[in-house]
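Protein chains in written order, with this note's numbering: chain P, 1 to 292; chain E, 1001 to 1340.
Calculated directly from the structure, the hints in this document are not laboratory data.
Below, a list of computed lysine to aspartate or glutamate pairs in the DMTMM-like style, where the Cα atoms sit at most 25 Å apart:
1) E/Lys1231 x P/Asp15
2) P/Lys112 x P/Glu98
3) E/Lys1231 x P/Glu80
4) E/Lys1231 x P/Glu140
5) E/Lys1247 x P/Glu122
6) E/Lys1247 x P/Glu80
7) E/Lys1231 x P/Glu76
8) E/Lys1231 x P/Asp19
9) E/Lys1247 x P/Glu98
10) E/Lys1247 x P/Glu140
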Amino acid sequence: MNEQNHLELTGVSIDFPTDNGPFRALQDVNLKIGKGEFVTLIGHSGCGKSTVLNIVAGLHQATAGGVLLNGREVREPGPERAVVFQNHSLLPWLTAYENVELAVKQVFRGKKSRSEMRQWIEHNLELVHMTHALDKRPDEISGGMKQRVGIARALAMQPEVLLMDEPFGALDALTRAHLQDSLMEIHACLGNTVIMITHDVDEAVLLSDRIVMMSNGPAATVGQILHIELDRPRERLALADEPRYNHYRSEVLKFLYERQRRPVDDSAPANRASAEDDVKPKRFARLRIVGG
Amino acid sequence: MRKGFWKQYQTFQSRRLDALLHALAGVNTSGPVGKLVHSLAVPMVALGIFLMLWSVGAANVTTSLGALPGPVQVWTQGIALYDEHLAERDKERAFIERQEQRNAETLANDPGAEVKLRPYTGKPTFFDQILTSLGTVMVGFLLASLIAIPVGIVCGMSSTLYKALNPLIQTFKPVSPLAWLPIVTMVVSAVYISDDPMFAKSFLTSAITVTLCCLWPTIINTTVGVSSVDKDLINVSRVLRLNWFTKTMKIVLPSSIPMMFTGLRLSLGIGWMVLIAAEMLAQNPGLGKFVWDEFQNGSSDSLARIMVAVLVIGMLGFLLDRSMLMLQRRVSWDKSLVLR
Ligand SMILES: Nc1ncnc2c1ncn2[C@@H]1O[C@H](COP(=O)(O)OP(=O)(O)OP(=O)(O)O)[C@@H](O)[C@H]1O
Ligand SMILES: [Mg+2]
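Chain E extracted, bound-state conformation (with noise of 0.2 Å):
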């Protein structure tokens, strides 16, 4: 009774709150056209408010590099970012248009020599680091999950499995990924000796140091998932006398997907912290970096631009957090699934 009269109260208090906070924007939200201007507007003013305070607020703090940037400096500094990083892809261009030109004239002088392609080495700009960091934390997640799903299924279907296993997964769990960045830094140099190396050193540290991370929620997930299977449908396969195969892909595999991919997902979102704050503290290219350089340089500007990596690295988290949803929602057999 109690409980009853309580969430009545407070869905009639939240409605009361939602025709308020209407009223005060002025918008109806009947019919379609209010419905597009609702989805549309409610966002949009409670970004206006966000802008306002941020500018409000901002100026009134004073730092050694002088007044935090309000939205518009950060603004600017994005499209300056944007602007470096044209010119740096004009210089590059350029670079590799002398050295062909060089080449082609050694080449007509003489047929038999050999000529070279030395790649450009300028400085990374921010949209190169984006990529490098976008790139790492796919591998590292993509590396994790191949490990971390059969392992899950393992031992969601074996509970000798689970008992051995879940200590060792329950310690390292809780582990700082900045814990991890020294030992796998020294691992990475000991073992990764070669003289024409496939992978850069620094960028096998990151993307490990996310394995490492993104393993856990991943295998305990789908290990919850894979054993909390319906015992009516285990017992279904029971009945059909199926094999061991056909019992995962048909039964077991279809029923833990959804708990699967809330691992997946929790797994990319801490991939993804993960990633930047490794970056950072080890130095490796990466938006981490960008930052890290940003907050060395100490120059007038650095404060916005690394506002503009903050908000870069918000944006491409919830954008990484929606790819894997969209791939949840092709891969689920359960459509009408609300998913958020």
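The following block holds chain P by itself, in its conformation from the complex (with noise of 0.2 Å):
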């Protein structure tokens, strides 16, 4: 990868304030990140995937360490680490078009004449497929079109680095599938440096030059960190009897559900886990579809 300074996490440990003293979530997370390299952090969920996000978005600070992006440290959120988030977050009484559009008035304001907004706009939401929904409200388009429409704000936005939430947690697997598609085809092509979070082991191999592993909290921190490296463009369908590809996943398989094995007797209440089935509960179906 060149550049290995590009993004630089640094001794990062972060702890979050609690009613029993302070929780640290993150330990000494050290982390190099090349230029247009696309990373991804797998882990078990509350390990702490989404904190080393924010850390980089600037929307959490670190108690300790720090992040550097092309030598100047990361104090605050800002246009050149876009994220797209978890649930799309996209503004509900604004259309599609206007949702990127107030991405890219407040990027390019005075960089940019109004019909070079315009079809910067444009542009960007046919790099996601969503021109022909452009004056639909997010209520009036689907689970993944929204994910669409935040993935093309992130775009518009022209980032150095892209941060991505379980941008496909909440989807099926046909739209998953033609989501990552256009997320490879959209990385060849701009060149973004992204980090993704993902808790599927396919989808991490088939995108990323490196995966990170990350150990279960608390005081989570890097576990192991895979290189990926299989040629591009990847073809999902070639991969799947290509050995390297299955040695990737069973490497990543081994870490999370052998070295990172949630302890049974977790110290966490019993409530806790049951908590989780109701957020995140496609996870868990996903699961059970590919087992029976």
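Each chain sits in its own coordinate frame; assemble them with the hints.
Below is the structure:
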């Protein structure tokens, strides 16, 4: 990877204040990411993936250590580190076009003329194949379409780093596959640096240059890093028979289910697990489908 | 499990009740015609039952002014009030005409003479009082909204300000309008001194009392609406580095509009009730004064006239609420929202 010091996390730790004292969610996370690299974060629920992403985004401040982007410290959020949120986070009162427009107007004010902005907005919505629904509001389009608009909004900021928190987490397998393909195309064409959180091992192997596997919390950190040396462009059907693909896949699975197996007698109370069931039914449903 | 069962049981019960009522009313609710009949017939039947119970019940209550009036007497008095209104208008027209005629004659004799048109000062009719009350409540409510919405927005955005103002808000919120009234009356008489007043003092007193009671629900609901904006949307604005103004206009206000309107509707409802009470107590012109005058008057028709006023007050309150709802529908981005 070129320029290993494009994005650098050094000794990142974070404490969250709780009722029984500070809770150390991350402990000494170190990670160097090159320009244009596609990195996925994988790990068990609650280990601190979103927290890492939010620190890079500038939405959380690390208690110790810090993040450098091109040699400058990250102190606050900014459009050069665009975020695709897990639940799309589109403004429900704006149409798809207007949602992207809000971002474009903010980032390119004074740099692009009105008609250039219009073209740029339409171009980005075209990248995610959403030009047919420019004037629809989020409640009038499907979940996958909302996620596409969210990605278009992030891309339209022309970010150096694209941060995606389980962007396809709530989607069905087919829509997911479509969006993964679109994402690979876009990445090949634009070359942004991408950090993406996922729970899906296949997705991680398919998309990434590197998979960063995180250990369990509290005080979670980077457990193991796996380089995926598969040629691009990648074809999901061809990969199914590729021995290296299956090797990477089993490496990740081994890490997750052998080395970082969730302790059965988790210190967290039992109702926590059931709460997660409610929040993320899709993930479990999918596992069942695969199993049956 | 238990909860689910209870819910099923309840819907089952209410469906059975519905079916029974339909059978009693003899209507078939399936099909478009059935639906129309359903939506018209059911309220009509309920109204009929209400009127029946009223007339039977009222006849059995004897007061010092005779039996409690039933629907028929109230209807008669409603018509009478309307006739009185028309008669009063005729008198006014005649009065103005006479004046104009006189003025014209004066001018014909002496073109340089100064002529004046004196306004008619007859007794305000029931319908005049309705207009007075509606005007007063609207002024008081608008004034309250102009203060409460910005205060609510600021309180919702700054937790420091919220902590500073919350004790005051919570203290003043439960104060009865009747307690405000003497203070407002004294302050208005002391402060509002003018030779050619634009507003009558009584009008100001009523309107300000309404304002004082209308403020709180709007402030509280706006604050809650603004402070509970989805955290992800706030994060979007942070990533985009939106400035304060854009953030407020594009994110905070649209998402707090439903709560804001809940507050406004509560306020308007409270304002309308408060106004009637204030008018009664302070003898300020309006529907409240009409009720009080009729009560003091104590003729055989008084009770029926008061009942007319009660019904009109209720219907106007309902209309005010509906118009707020219509406004909310226009302003709200979520057209699919079911509003009641
Ligand atoms: N604002 C906060 N205050 C206190 N604790 C927090 C806060 N945010 C996160 N945590 C804790 O930090 C830990 C990591 O949370 P995080 O959301 O990063 O997990 P995650 O890996 O993204 O999980 P998931 O896969 O379920 O999204 C969790 O134990 C969580 O309870
Ligand atoms: Mg997360």
